[in-house]
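*Asks:* Residues per chain, in single letters:
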Amino acid sequence: MNKYNPPRMNPSSLRSRFATRFLRSLSKINAKKPTASSSSPTEIFRRYRRIKVAADKSMAYSVRSRRTWSRAMLWKLRTRPCCRRSVKTSTIVRKTRHEKQNKNTTTTTGEDGVVFGVEADELRELVPGGEAMDLYNLLDETAHYIKCLTTQVQVMKKIADFYSP
Amino acid sequence: MSSRRSGGSRISDDQIADLVSKLQQLIPELRGRRSNKASASKVLQETCNYIRNLHREVEDLSDRLSQLLASTDTDTDQAAILRSLLM
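Going line by line, the protein sequences match chains W and C. Residue 1 is where the first sequence starts when you use the working numbering, and the numbers rise one by one after that. Residue 1 is where the second sequence starts when you use the working numbering, and the numbers rise one by one after that.
The hints are simulated quantities; they were obtained by calculation from the structure and are not laboratory data. Do not take every clue at face value.
Restraint ranges, calculated between C-beta atoms of paired labels, are given here [as the list claims (entries may be wrong)]:
no., chain 1, residue 1, chain 2, residue 2, range
1, C, Ser39, W, Ala31, 48 to 56 Å
2, C, Arg31, W, Gly117, 24 to 32 Å
3, W, Asp161, C, Glu29, 20 to 28 Å
4, W, Ser40, C, Asp18, 45 to 53 Å
5, W, Lys76, C, Arg56, 13 to 21 Å
6, W, Val118, C, Glu29, 16 to 24 Å
7, W, Ser13, C, Gln25, 13 to 21 Å
Predicted model, so just to flag it, every value in this text is computed and none were measured. Heads up, the beta-carbon is just placed ideally off N, CA and C, and yes, glycines get one too.
All chains, please: the whole structure from these sequences, using the hints.
*Replies:* Pasting the structure below:
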């Protein structure tokens, strides 16, 4: 295993940006563990929550505000109850106004329009920020969101396999 | 290009159809279909299912990682090896 060089991925690719951030978060989370009770169910659950949030956060930060879904997710993460004290009110107000501007009425297009309505609403609940998107943007954002989710899953799998005995 | 049929939407049906087929390519369930057109509602349905599956996988992996981290120490050497594996 000495001089094998796997094909290098672009260091600024989404995958490496996410992996770097996520690994950093994992080290932080791991450093926090109280030695006395690091295997108690409560501790494990707390760590699970922290890891999951770290994964979502790392992905959203890797995409930054280039996408509606990532902006929505970042906003959601910043206004979580445990973080609320550190969020400036002016930021929230500005965001709300911005979100309102994005609300286009979802007019359906074409004969398939009626069918689109039902499934599209379901999709809106799954994609962050989906409620405010028109159909075209919803589909576009969904495609990107899926790509990012699959990257997230692949990286997390590799990490889990690495640390497995 | 503009479709005036239903009240002011400026996006054409073709553009929507393009996006739908783009989505179809991303979903493993539908990718193998030789016929290029699964119905739009089927694509959306499968998309929802796929996203839910991915969410569940993330949760399972987070769970697995939280158990694994309980018994390991992430030191800098490991992090370096891991990073090279990932990139």
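*Asks:* All hints, please: hold or fail.
*Replies:* Here is what the structure says about each hint:
1. C:Ser39 / W:Ala31: 48 to 56 Å: holds, 51 Å
2. C:Arg31 / W:Gly117: 24 to 32 Å: Since C:Arg31 and W:Gly117 have Cβ atoms about 26 Å apart, the given range 24 to 32 Å holds.
3. W:Asp161 / C:Glu29: 20 to 28 Å: The hinted range 20 to 28 Å holds for W:Asp161 and C:Glu29, with Cβ atoms some 25 Å apart.
4. W:Ser40 / C:Asp18: 45 to 53 Å: For C:Asp18 against W:Ser40, whose Cβ atoms are near 52 Å apart, the range 45 to 53 Å holds.
5. W:Lys76 / C:Arg56: 13 to 21 Å: Holds, since W:Lys76 and C:Arg56 (Cβ atoms, about 19 Å apart) stay within the stated range.
6. W:Val118 / C:Glu29: 16 to 24 Å: holds, 19 Å
7. W:Ser13 / C:Gln25: 13 to 21 Å: The hint (13 to 21 Å, Cβ to Cβ) holds, given that W:Ser13 and C:Gln25 are roughly 20 Å apart.
The structure agrees with every numbered hint stated previously.
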